[in-house]
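A.B. asks: As they're listed, the protein sequences go chains A and B. For the first sequence, the positions run 1 to 432 when the numbering used here is used. For the second sequence, the positions run 433 to 526 when the numbering used here is used.
Calculated directly from the structure, the hints in this document are not laboratory data. As the structure is a prediction and not an experimental result, all values here were calculated from the model. Be careful, since some hints might not be right.
To be verified - Only part of the chain B face toward chain A is listed, based on derived beta-carbon distances under 8 Å: (1) 433; (2) 441; (3) 446; (4) 452; (5) 473; (6) 476; (7) 492; (8) 494; (9) 498; (10) 499; (11) 500; (12) 503; (13) 504; (14) 507; (15) 517; (16) 522.
What the hints assert, rightly or not - Think about it this way: if two alpha-carbon atoms lie no more than 27 Å apart in a straight line, the pair counts; the simulated BS3-like pairs of lysine-lysine are: (17) A:285 x B:445; (18) B:455 x A:117; (19) B:507 x A:418; (20) A:135 x A:165; (21) A:379 x A:396; (22) A:176 x A:284; (23) A:106 x B:507; (24) A:379 x A:425; (25) B:516 x A:165; (26) B:477 x A:245.
Unchecked claim - Pairwise CB distance ranges (calculated): (27) A:187 x B:481: 47 to 57 Å; (28) A:245 x B:438: 12 to 22 Å; (29) B:439 x A:228: 14 to 24 Å; (30) B:446 x A:350: 31 to 41 Å; (31) B:446 x A:91: 31 to 41 Å; (32) B:480 x A:90: 20 to 30 Å; (33) B:438 x A:91: 20 to 30 Å; (34) B:481 x A:144: 44 to 54 Å; (35) B:446 x A:259: 31 to 41 Å; (36) B:477 x A:66: 35 to 45 Å; (37) A:364 x B:460: 28 to 38 Å; (38) B:439 x A:90: 28 to 38 Å.
C-beta atoms are modelled at their ideal positions from N, C-alpha and C, and glycine is treated no differently.
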Amino acid sequence: MLKQENKTDVIVVGAGPAGIACAITLARNGKEVVLIERGLFAGSKNVFGGAIYTQPTKEIFPNFEQEAPVERRTVQHNFAILGEVDSTTISYRKNDNSSYSVIRGKFDRWAAEEARKAGVYLVEETVVRELIKEKNKIIGVKTELESFYSDIVIIADGVNSLLAKQIGLRKNIETKDVALSVKEVIKLDKDIINQRFNVKDTEGVITEIFGGSMLGILGLGFLYTNKDSVSIGLGITLNELVESKISPYEYLEKLKQHPSIAPLIEGGELKEYSAHLIPEGGYKKIPKLTANGVMVVGDAAMLVNNLHWEGTNLAMISGKLAAETAVEALDNNDFSKKMLSNYEKRLKESFIIKDMRTYKDLMDVMHSRKSAFLSYYFKKINSFFEMFTSVNSVPKKTNFRNFIKSIFTDRSIVELFKDCTAVIKLLWSILA
Amino acid sequence: MSTNIDNKLYTLKYSTDTESHLKITDKEKCRLCTSKNCTYICPAKVYEWNPDSQEIIINFENCLECGACRIACEKKVIDWQYPKGTKGVTFKQG
Ligand SMILES: Cc1cc2nc3c(=O)[nH]c(=O)nc-3n(C[C@H](O)[C@H](O)[C@H](O)COP(=O)(O)OP(=O)(O)OC[C@H]3O[C@@H](n4cnc5c(N)ncnc54)[C@H](O)[C@@H]3O)c2cc1C
Ligand code: SF4
Ligand code: SF4
Numbered sequence: 001m002l003k004q005e006n007k008t009d010v011i012v013v014g015a016g017p018a019g020i021a022c023a024i025t026l027a028r029n030g031k032e033v034v035l036i037e038r039g040l041f042a043g044s045k046n047v048f049g050g051a052i053y054t055q056p057t058k059e060i061f062p063n064f065e066q067e068a069p070v071e072r073r074t075v076q077h078n079f080a081i082l083g084e085v086d087s088t089t090i091s092y093r094k095n096d097n098s099s100y101s102v103i104r105g106k107f108d109r110w111a112a113e114e115a116r117k118a119g120v121y122l123v124e125e126t127v128v129r130e131l132i133k134e135k136n137k138i139i140g141v142k143t144e145l146e147s148f149y150s151d152i153v154i155i156a157d158g159v160n161s162l163l164a165k166q167i168g169l170r171k172n173i174e175t176k177d178v179a180l181s182v183k184e185v186i187k188l189d190k191d192i193i194n195q196r197f198n199v200k201d202t203e204g205v206i207t208e209i210f211g212g213s214m215l216g217i218l219g220l221g222f223l224y225t226n227k228d229s230v231s232i233g234l235g236i237t238l239n240e241l242v243e244s245k246i247s248p249y250e251y252l253e254k255l256k257q258h259p260s261i262a263p264l265i266e267g268g269e270l271k272e273y274s275a276h277l278i279p280e281g282g283y284k285k286i287p288k289l290t291a292n293g294v295m296v297v298g299d300a301a302m303l304v305n306n307l308h309w310e311g312t313n314l315a316m317i318s319g320k321l322a323a324e325t326a327v328e329a330l331d332n333n334d335f336s337k338k339m340l341s342n343y344e345k346r347l348k349e350s351f352i353i354k355d356m357r358t359y360k361d362l363m364d365v366m367h368s369r370k371s372a373f374l375s376y377y378f379k380k381i382n383s384f385f386e387m388f389t390s391v392n393s394v395p396k397k398t399n400f401r402n403f404i405k406s407i408f409t410d411r412s413i414v415e416l417f418k419d420c421t422a423v424i425k426l427l428w429s430i431l432a
Numbered sequence: 433m434s435t436n437i438d439n440k441l442y443t444l445k446y447s448t449d450t451e452s453h454l455k456i457t458d459k460e461k462c463r464l465c466t467s468k469n470c471t472y473i474c475p476a477k478v479y480e481w482n483p484d485s486q487e488i489i490i491n492f493e494n495c496l497e498c499g500a501c502r503i504a505c506e507k508k509v510i511d512w513q514y515p516k517g518t519k520g521v522t523f524k525q526g
């Protein structure tokens, strides 16, 4: 029972990684928190690749490796560059525990249950329709049935964040600032997975996929191993989909048929299809994060590092930092934007804003040089290895020369020069 | 192992509302819309153009609640809300 009917210290909207991390941190600090989730259960509306990362997850759930429903511990990362029919893969293998594949329908549900055990009031199957504002301060939320009031509201409602939009913290999202992702979970026998991916029962492999059906467009594919299924999917920037006039599931079907991918999922049975947006706007598209009585965390704040498939970690840590700020605010009975902007300060000091800033130019460069970086060079990498591995009684020197010549004949010097400048500029912005 | 979109959607659990959570605010705009991009970007094939009635048909019961159509709609005429708390899609895997 709440101390006061319909009034609490903090309301958190959305039980994804950001909202759950935020709510549990508040409860552990003795604050009264209501966590509102629109799905049947936490996780039931959520989709990701995916893997959660051990270090940040442990900051919220110190024993998750033993207690949470994890699928497989990652021992290998593959980076597969697909041409039309061929592929080049780099693999990095290390038997450590830096990440685990999970299924959100299970993991989020478990995490929300942990929050409940810590004292959070979890309210499921309830949509927050709007935030309630009084005298320029957010004072609560309106659901379909009733209104709840609180000193602070935390917006953790994910990428579409209708709530941040409602109160003007966020502008309209443009099609180039999100990727639409489709995914399939494909059931496969455990032993077959172990064999195909060269792992033992609890070990898993992450494969990042470039090119293939996404040659020349801004898209990235993924394949994760679960206990007795694999998750395969791709995310394509929405403006590319609009322009290409091809449906996202057609890109996925084509990817699944690629000669380097098809054998990995052969004989599998489709367990579940899903779709979700990914924030891709990066640093430049981070919305306003605070106002009187309110803070925005996780995907709602567009905190995703898409190149690394990182999102849950930024979500959890931003949730935690917002919670720490809320504790401070509650202790001082000050819910002003000024007080809550300590959350922004904490974010800036953490890896979150630093990483977002590191990649601030990445998407712009990719948008402007996509035909080069996402098609031409992917194909060239594959044709290099095709040349290098072919045994055809042509002298090697001729093969090498022809390959090098082809770089200059297939692409104009001006374009090559522009590519180089773009790479240097990008590296500069990342490293400087 | 290839599957068409109907078979993909068949794997999902839905609780369908009687009323659509997706509405088109100005049907005239759809007639003027040149891309009709809602008909191909949607991962659940919710939108279909009916040439006879010159209208978009909304198969809202298939919606995966991703939000893509809200952002992509050429004329910004989709009134996009989440379904009621007890309704819509449930992902068991995600
Ligand atoms: C295809 C794909 C692959 C990804 N792969 C990875 C990966 O491998 N590793 C990784 O770390 N990250 C990955 N990400 C990113 C990661 O999933 C997100 O960054 C992360 O889930 C963000 O967490 P969140 O809590 O902010 O938002 P969400 O997880 O989206 O949670 C928001 C919650 O709010 C609820 N909600 C929304 N509106 C309301 C409302 N009005 N009222 C009540 N409840 C509401 C939703 O139902 C949901 O439960 C991936 C994302 C996608 C789409
Ligand atoms: S994209 Fe928008 S305006 Fe165009 S047909 Fe679809 S709903 Fe109508
Ligand atoms: S929200 Fe997504 S699945 Fe639903 S209609 Fe729009 S694009 Fe289609």
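A.B. asks: Work down the list of hints and note, for each, if the structure agrees.
C.D. replies: Against the structure, the hints:
Because the closest C-beta pair between residue 433 (chain B) and chain A is about 6 Å apart, less than 8 Å, the hint holds. Restraint check, residue 441 (chain B) versus chain A: the minimum CB separation of about 7 Å is within 8 Å; hint holds. Contact between residue 446 (chain B) and chain A, as hinted, is not supported at the beta carbon level, the nearest pair being about 11 Å apart and thus beyond 8 Å. A least Cβ separation of about 15 Å between residue 452 (chain B) and chain A goes past the 8 Å threshold, and the interface hint is therefore violated.
Given the 8 Å rule on beta carbons, the hint for residue 473 (chain B) holds: about 5 Å separates it from the nearest Cβ of chain A. With its C-beta approaching chain A no nearer than about 7 Å, residue 476 (chain B) sits inside the 8 Å limit, and its interface hint holds. Given hint, residue 492 (chain B) at the interface with chain A, is violated; its Cβ is 15 Å from that chain's nearest Cβ, farther than 8 Å. Proximity of residue 494 (chain B) to chain A is violated relative to the hint, the smallest CB-CB distance being about 11 Å (cut-off 8 Å).
This hint holds: residue 498 (chain B) has a C-beta 5 Å from the nearest C-beta of chain A, less than the 8 Å allowed. A least Cβ separation of about 4 Å between residue 499 (chain B) and chain A falls short of the 8 Å threshold, and the interface hint therefore holds. With a cut of 8 Å, the hint placing residue 500 (chain B) at the interface with chain A holds, because the nearest CB-to-CB distance is about 5 Å. Taking 8 Å as the C-beta contact cut-off toward chain A, the hint placing residue 503 (chain B) at the interface holds, the least distance being around 5 Å.
Here the hint on residue 504 (chain B) is kept, as its CB sits about 5 Å from the closest CB of chain A, short of 8 Å. A cut of 8 Å between beta carbons decides the hint on residue 507 (chain B): the least distance to chain A is about 13 Å, and the hint is violated. Because the beta carbon of residue 517 (chain B) sits about 4 Å from the nearest beta carbon in chain A, less than 8 Å, this interface hint is met. Because the closest C-beta pair between residue 522 (chain B) and chain A is about 5 Å apart, less than 8 Å, the hint holds.
The hinted pair formed by residue 285 (chain A) and residue 445 (chain B) fails the criterion: a straight-line CA distance of about 34 Å is larger than 27 Å. For the proposed pair residue 455 (chain B) and residue 117 (chain A), the alpha carbon gap of about 40 Å is over 27 Å, so the pair is violated. Our distance criterion of 27 Å between C-alpha atoms is broken by residue 507 (chain B) and residue 418 (chain A), whose separation comes to about 36 Å. Proposed proximity of residue 135 (chain A) and residue 165 (chain A) is supported: the alpha carbons are some 19 Å apart, at most 27 Å.
Note on residue 379 (chain A) and residue 396 (chain A): the hinted pairing holds, with a Cα-Cα distance of about 20 Å set against a maximum of 27 Å. In summary, the hint linking residue 176 (chain A) to residue 284 (chain A) is supported, as the alpha carbons are separated by about 12 Å, within the 27 Å threshold. Of the pairs offered as hints, the one joining residue 106 (chain A) and residue 507 (chain B) is violated, with about 38 Å between alpha carbons and a cut-off of 27 Å exceeded. Proposed proximity of residue 379 (chain A) and residue 425 (chain A) is supported: the alpha carbons are some 23 Å apart, at most 27 Å.
In summary, the hint linking residue 516 (chain B) to residue 165 (chain A) is supported, as the alpha carbons are separated by about 19 Å, within the 27 Å threshold. Annotation: proposed proximity of residue 477 (chain B) to residue 245 (chain A) holds, straight-line Cα distance about 13 Å (limit 27 Å). For residue 187 (chain A) and residue 481 (chain B), the Cβ-Cβ distance of about 35 Å falls outside the hinted range of 47 to 57 Å, so the restraint is violated. Taking the beta carbon of each, residue 245 (chain A) and residue 438 (chain B) are about 20 Å apart, inside 12 to 22 Å as hinted.
Separation of residue 439 (chain B) from residue 228 (chain A) is about 21 Å and conforms to the stated range, judged on CB atoms against 14 to 24 Å. Take residue 446 (chain B) and residue 350 (chain A): their Cβ atoms lie about 39 Å apart, and the range 31 to 41 Å holds. As the Cβ distance of residue 446 (chain B) to residue 91 (chain A) is approximately 39 Å, the hint placing it in 31 to 41 Å holds. Evaluation of the 20 to 30 Å hint for residue 480 (chain B) and residue 90 (chain A) yields a failure: the beta carbon distance comes to about 43 Å.
Between residue 438 (chain B) and residue 91 (chain A) the Cβ separation comes to about 37 Å, which falls outside the hinted range of 20 to 30 Å. For the pair residue 481 (chain B) and residue 144 (chain A), the supplied restraint of 44 to 54 Å is violated, since their beta-carbon distance comes to about 32 Å. Checking the proposed 31 to 41 Å range against residue 446 (chain B) and residue 259 (chain A) shows it holds: the Cβ atoms sit about 35 Å from each other. Between residue 477 (chain B) and residue 66 (chain A) the CB atoms are about 42 Å apart, so this pair conforms to the stated range of 35 to 45 Å.
Distance hint for residue 364 (chain A) and residue 460 (chain B): a CB-CB separation of about 36 Å, consistent with the stated range 28 to 38 Å. Taking the beta carbon of each, residue 439 (chain B) and residue 90 (chain A) are about 34 Å apart, inside 28 to 38 Å as hinted.
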